[in-house]
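**Q** Residue strings, one per chain:
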Amino acid sequence: MSILGTRVLRTEDPRFLTTGGVYTEDLTDEALDGACHVFFVRSPIAHARIGRVDLSAALAAPGVIAAFSGADLADLPAIEPMMAGMLNAKMTRRLLAIDKVRFVGDPVAVVVTEDPYQGEDAVELVDVDYDPLPAVVDFDDALSNETILFEDAGTNVVVEFGNAGSLKPELFDGCEVVVSHTFGNQRVAPAPMESRAAAAVWGEDGRLTTWIPNQGAQSARDDLAKMLDVEASQVRVITPDVGGAFGAKFGADPEHAVVAWVARQLGRPARWTETRFENLISMTHGRGQRHTIMIGGSRDGDVLGYRLEIIQDGGAYPRIGAVLPFLTIMMATGPYSIPNAEAIGTSVVTTTTPIGAYRGAGRPEATAALERALDLFAAEIGMDPADVRRRNLLPPFTEPHQTAFGALYDSGDYAAALDKALEAAGYADLRAEQASRRASGGTVQMGIGVSCYVEITGGGDESGAPQENATVEVHPDGTATILTGTSPHGQGHSTAWAMIASEELGIPVENFTVRWGDTDLIPVGGGTGGSRSLQQGGAAVQQASKELIELARERAAAALEASAADLQFDPGRSAFAVAGDPDASVRLADLAKDERLFVHSIFTAPGATFPFGTHVAVAEVDTETGKAVLRRVITVDDAGLVLNPLLAEGQRHGGIAQGAAQALLEEVVYDADGNPLTASFADYPIVSATELPSFELASMETPTSYNPLGVKGIGEAGTIGATPAVQSAIIDAVAHLGVRHVEMPTTPMRVWRALVEASAQGTDSESA
Amino acid sequence: MIPAPFDYVAAESAAHAIELLSQHGDDAKVLAGGHSLLPMMKLRLAAPEVLIDIARVADLAGISVDGDELVIGATTRHADLASSELVRADAPLLAHAASLVGDPQIRHRGTIGGSLAHADPAADLPMALVALGGSVELTSAGGTRLVAADDFFAGFFETALEPGELLTAVRVPRRPGVAWGYQKFVRRANDWAIVGAAAIDGRIALANMGSVPVRARAAEQALADGASAADAARLAADGTSPGEDIHADRAFRQHLARVLTRRALEHIS
Ligand SMILES: Cc1cc2nc3c(=O)[nH]c(=O)nc-3n(C[C@H](O)[C@H](O)[C@H](O)COP(=O)(O)OP(=O)(O)OC[C@H]3O[C@@H](n4cnc5c(N)ncnc54)[C@H](O)[C@@H]3O)c2cc1C
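Each protein sequence line maps, in turn, to chains Y and Z.
Per this note's numbering, the very first residue in the first sequence carries number 35; after that it's consecutive.
Per this note's numbering, the very first residue in the second sequence carries number 16; after that it's consecutive.
Any given hint could be a false lead.
[Claimed, not checked] According to the in silico footprint, chain Y covers these stretches of chain Z (three or more CB under 8 Å from chain Y):
id, segment
1, 17-27
2, 200-206
3, 264-273
Source of the hints: derived by calculation from the structure; they are not laboratory data.
Using N, Cα and C, we set each Cβ at its ideal position, and we do this for glycine too.
Full structure from sequences and hints, please.
**A** Quick look at the structure:
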């Protein structure tokens with residue numbers, strides 16, 4: 035029986051549950067002996083010119099070895115935004131701010147101390163003169179260009195994807211009903227358990243070795259080399275255990291480069307671990323879009339036109355967030371067949387924390403906008419939201435389907451996912467219960483939200499087709515090692531990659547060691563993000579394993595003095611045998627005795643894959659207090675074939691929790707002066723088990739032909755499907771009272787206010 | 016998140032703690048459960064030079080009966096309050112309030128004295144004590160004085176505690192079998208109340224409706240005059256001026272105060 039598709043327990047867990055992980059802060063590598071500790075001085079003001087930076091008092095504080103300000107690093111190049119050809123290249127950043135600070139948390143100086151705790155005392159003694167400038171927090175303030183963050187750029191616009199002039203006025207011609215609305219997809223904090231950290235040391239050979247919690251050592255290496263103005267070959271990045279990342283640990287941040295710079299400057303290893311406060315104000319945030327939608331169609335439910343206009347908050351310095359409208363536009367029409375659709379986007383800078391990738395990055399925003407639009411349309415024509423969706427979904431397809439926005443959907447059966455989810459939810463019964471609760475007029479009402487999605491996973495980077503490499507080596511003692519270019523931080527690659535190779539090589543899962551995240555060992559790799567790992571990294575492991583069997587077959591033929599063609603590999607025994615003569619056999623491990631037995635392989639996919647599904651959420655709303663409680667979440671998440679249901683369910687669970695959290699609870703809030711109001715976990719309400727029901731997961735597996743495993747990505751399905759379903763359920767619970775929309779997060783105050791406004795309007799129209 | 020440097024002394028008795036307090040004056044702070052003080056120190060909102068730890072002082076802990084009152088030692092943990100047979104029988108509102116504080120870890124560290132002395136208007140135990148009409152014993156080198164809950168809370172994180180005074184015990188009237196109501200409005204299970212309401216015996220206290228736990232006096236008066244729960248509750252926010260934050264503005268807090276008061280009163284009737 036194949037091991038693929040079975041619930042193999044995570045081989046990672048015994049270590050995590052007994053001795054514990056080794057995170058960057060835990061490292062005891064002797065190369066780090068005698069390390070000094072870096073602590074950042076961060077701007078308390080959103081936008082200001084920097085005057086004098088006086089480090090003298092800090093330098094005199096106990097334990098302080100050195101202190102540096104931006105001027106000390108001025109000979110390092112200004113950092114251009116990624117994809118500088120596309121984004122406004124004038125919006126550059128310094129490792130430590132020199133002329134201006136642009137958000138609360140912008141690093142302006144560092145103090146370096148003997149012991150870690152001394153830094154927090156010493157930074158209070160750094161005296162920086164700030165000459166405040168107006169903050170730019172609001173989208174409209176950013177677009178007005180009244181206050182410009184980067185004077186050289188002359189505008190706050192980072193990039194435009196299409197523009198208003200290109201919109202077609204005739205898009206909604208022939209529609210019986212047209213609805214429009216503007217709403218937010220709010221800024222959230224990735225909030226990993228492990229905050230950012232670094233440890234750095236330079237060798238005699240002038241090479242940097244640095245340990246950074248990241249999602250791909252190779253891209254972290256390249257980012258660091260650029261920031262430090264050295265060759266990539268001079269940098270070795272090692273990835274210790276990583277305590278959560280959610281997109282925000284891709285590449286390297288300026289702080290990581292500063293720690294390396296300090297280590298070089300002082301000729302001494304340097305370490306840094308940020309505080310939770312620093313994490314919440316200066317690790318990249320996610321989302322941060324505003325959507326204006328227009329949707330039109332016939333009274334019997336055909337959607338004929340859809341327009342999406344996006345404003346993306348890029349934060350103070352353009353990072354990947356500024357690029358995300360590109361993906362939101364690409365996925366604008368989701369799983370639906372909409373004859374006329376257009377989408378445009380503009381990214382702006384604001385005096386807030388930079389926006390990066392966060393679980394789903396660009397696709398949750400597309401789904402949220404579209405699903406909200408469909409609900410508004412359904413409400414307007416008085417049709418069941420599930421029926422409107424079914425009527426407009428693309429028919430099932432097995433040959434790739436090209437969308438108007440340039441996406442090539444590999445395979446899909448969207449209506450089947452919808453029907454399966456509705457059946458698992460008991461949709462008709464839920465609607466009946468809702469009707470009776472509405473009729474009884476009780477205080478606590480119930481709502482049902484349905485969201486259909488298709489998303490993109492495993493896309494290539496700028497350089498082309500998606501690729502990943504793997505090395506598989508079998509050792510004489512019967513163990514094996516896998517080197518992968520992916521970079522797990524909770525996903526379970528050690529288990530999954532071992533399963534894939536075990537299937538081919540007949541070596542038990544527990545005999546594998548999976549290694550990643552050391553750029554000297556694995557110089558090339560795409561890391562883990564965009565739900566790419568299994569479909570590319572896993573496929574590379576499978577390919578390398580198969581190729582290893584072929585390499586071993588030649589050796590076996592020599593050993594058994596038989597023709598390679600006559601040999602059969604028996605995974606049950608992990609041995610080759612001559613056909614018809616099972617006694618003439620040789621073990622795979624034995625073929626590694628005289629010469630190392632390994633294969634390095636690169637897997638190239640034809641393109642990205644497009645997982646899909648449907649989420650149904652059931653919520654209760656207290657109509658007096660506005661408080662919403664999530665009662666059920668039922669999901670169908672079709673990500674192709676499932677390698678290990680345990681791992682796939684874990685990905686779905688975590689994603690659903692974070693997706694529900696965006697709808698219910700989480701939001702990074704700034705006041706009008708750009709001060710963060712959610713800079714601790716007392717104010718930033720991460721979701722916990724008490725706010726979540728047990729999730730009900732239905733399974734559906736439509737294979738893709740894009741990789742031999744038949745798999746697509748599952749890491750982000752939860753945030754993409756759950757957020758709109760939960761938001762919709764909450765609105766639906768009070769829809770009969772006249773509420774059409776509530777912004778996310780659907781706080782009690784917002785729900786209450788929507789109820790008050792709806793009731794006032796109801797009274798108005800009655801009296802009119 | 017590391018506090019500024021400080022010295023630490025473990026008090027051996029209540030008298031020792033009081034002696035240390037008078038010796039160090041304003042530079043010192045009492046450390047009980049540490050679950051309000053230490054976060055403030057880590058955020059550097061507080062930077063005492065000396066911490067006087069009373070958590071292990073035996074004569075400050077324990078729950079006993081004194082006539083028609085319960086006497087609760089200042090370092091009694093929330094978890095002990097919640098599970099005490101005595102408190103559950105004679106002051107169930109207080110036991111219930113304690114059971115809703117934060118999460119189990121917090122309830123096993125935080126103390127009633129610390130919670131009252133910290134005087135967060137959003138907290139559970141201050142509101143409960145005001146509703147119950149309890150009082151606190153404040154002891155200094157000069158002796159012990161008794162201050163009613165209504166007079167103890169002076170403002171945001173401010174109390175009637177004078178420099179050199181230690182909160183040594185809490186007194187609560189015993190009311191076995193008397194119906195009560197308690198409403199805590201939160202978004203997440205372990206959050207502080209956005210608004211709270213506690214009612215017993217014609218008294219109504221509100222959390223997070225001002226700088227101190229306040230009485231809903233107009234509603235109490237209406238009840239005394241024979242109004243229904245629903246009618247009395249409509250007056251619950253009268254005279255309050257709650258603050259605004261990311262969870263609630265003034266109007267929403269006042270609305271919640273009315274709804275929660277009605278629910279607390281309906282629970283009684
Ligand atoms: C995550 C979290 C969630 C929480 N949730 C809630 C909640 O839902 N509801 C709620 O009510 N509380 C909540 N709390 C606060 C908790 O109840 C604290 O334990 C309590 O407020 C303080 O008690 P403590 O013993 O820890 O006091 P400490 O932190 O030790 O001291 C607090 C203050 O009181 C002073 N003090 C302490 N004891 C005395 C004394 N005997 N005499 C004079 N002064 C004294 C100290 O000097 C200090 O100024 C929460 C705390 C945390 C960390």
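**Q** Are the hints correct? Go through all of them and say.
**A** Structure-based check of all given hints:
1. 17-27: Our answer is that it holds, as 3 residues pass the Cβ test (under 8 Å) against chain Y, meeting three.
2. 200-206: holds (count 6)
3. 264-273: holds (count 4)
Every hint, counting from the list given before, is met by this structure.
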